[in-house]
Amino acid sequence: MKVEEALKDAMASQVAGVYASPSMGQAVRRRSRRNVVRFRTAGAALLTVAVAGAVPVYLSHAPAAGHGQTAAGAGDGSADTAAVSGVVVPDVIGTDATSVRTILEDAGFTVEFKEALTEGQGLRVVTAQEPAAGTEAPAGSVITVTIVESDSPEASPSATPSADPLPQDLGDLGDGRDFGGIHVGYLPDGLEWGKWSGKDGFGKTSYTTTWVEPGLEPGMYSVQMIVYKGDAADRLADRMKGYRGQGAEAIKVGGKTAYLVPLGEAPDKITEGGTLTIVWTERTGLAVEVAISPDYAKKIGKDAAGRELKKIAEGVAPTR
Amino acid sequence: MTEEDEAAFDEFLAARSTALLRTAILVCGASTIDAEDMVQSALEKVYRHWPRIRHDNPEAYARRVVVNGAISRSRRKKVIQEITFAHPPDTPVESPDLGLRDALLAELRKLPARMRAVLVLRYWEDLSEAETAALLGCSVGTVKSQAARGLARVRARMGNLEGASA
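In the order they appear, the protein sequences are chains H and A. Using the working numbering, the first residue of the first sequence is number 1, and each one after it goes up by one. Using the working numbering, the first residue of the second sequence is number 1001, and each one after it goes up by one.
These aren't lab readings, by the way, just hints derived from the structure by calculation. Where a beta carbon is used, it is the ideal one built from N, C-alpha and C, also for glycine. Treat the hints with care, as some may be off.
Stated by the list, open to error - Derived, one-sided and incomplete: chain H residues facing chain A with beta-carbon distance under 10 Å: (1) Glu4; (2) Ala16; (3) Arg29; (4) Ser32; (5) Gly230.
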């Protein structure tokens, strides 16, 4: 027997009984949501508050009838829509035109563009939305967005024209270690600033940014930090009470009382195998949340991920 | 991502995910669970870019992501340890109860990741030298030499076995 044939035969025998799981698509989608920077899920956080966890956001995605894309299998969408009333409209102003549809549809809305989209290289961003961000609108209702070609020079990533530009609400943060009124004293080795920042995506007032391993695709994170102030800090305090109610033990990190919990799609629920997250109140009206992406946690190991989160938490200090 | 994109992605998975998983197992030599995890992570990339790539040979793109992911994964220490623990290189290869197939697979696992990937793509996926080169991002000459050296090592193992049993 020729060696090529013998090899092929051996390979075939090794994998003959292997079949991909039918839930592969589900797993891939779930994973995609967990590793992408949690800016979009801000809508989800607000939604869970508004409707007390009636349905996960992604289930409430239901195209409006007559919109020309009602596919088979979406027949029960209207029921979901009815169950979720009054979803808080996410802020999409400044968002890239190619991602605005995903953001709004993920939050359960239907999108209408005021200006027809054409194929082109120029970056096009949302400049107006109706209804406004922060107001409540029925799930499935139409959000009208106005798209205008952007001429800002920093927003023309020629190397990766297909990548969705991330928000730059706080401008250039350098190493990202000073933002939202805190200083980040410790970060795991080898991480660099994720070169984006968001404001008020997690409630008013909140700031977020990420650090990444070099070479990570845009939109992915290794460590994400969210700083909550004012109302948003109060809501995080409520979430921590909720974790305690679910049996989580408070830990002491450098004199701060923190919760180290795995979180799933709904950030107020402890979910085994979820994204490892540490939350604490730095002082009244200032709370911080830090998450390690599942991919990065897997790379460094779960125990190490927990240790790193504690060290990061320990190193955070208010700057004013 | 439109509903139609999502549906097309599901169709793509139904048609291709088993083949991708099998290729991943062969290239990185890991367990099914590890390989499944790797394929999921590769398909996550495919999913993120799906609206853009779905009309432009998504299968080739997915295979490239899976194979390159498998190569880098098998280079990582942890998996190498797992492989060596599963198949300690000192003992099993020469043991008489091991069939020809197992011996070949053991030899395959011992090859450098990239060389193993060449053999898997050429002789399991039946890709041409040019296709393999494009997928791995190397020259056709490299594919030829890697395939020849890989085959030579496997052939030597096969010769030893046949010599031993004869």
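Quick rundown of the hints versus the structure:
1. Glu4: This interface hint holds because 5 Å falls under the 10 Å limit.
2. Ala16: holds (9 Å)
3. Arg29: Constraint on arginine 29 of chain H satisfied, holds at 7 Å.
4. Ser32: holds (5 Å)
5. Gly230: violated (34 Å)
Of the hints listed earlier, the one the structure fails to meet is number 5.
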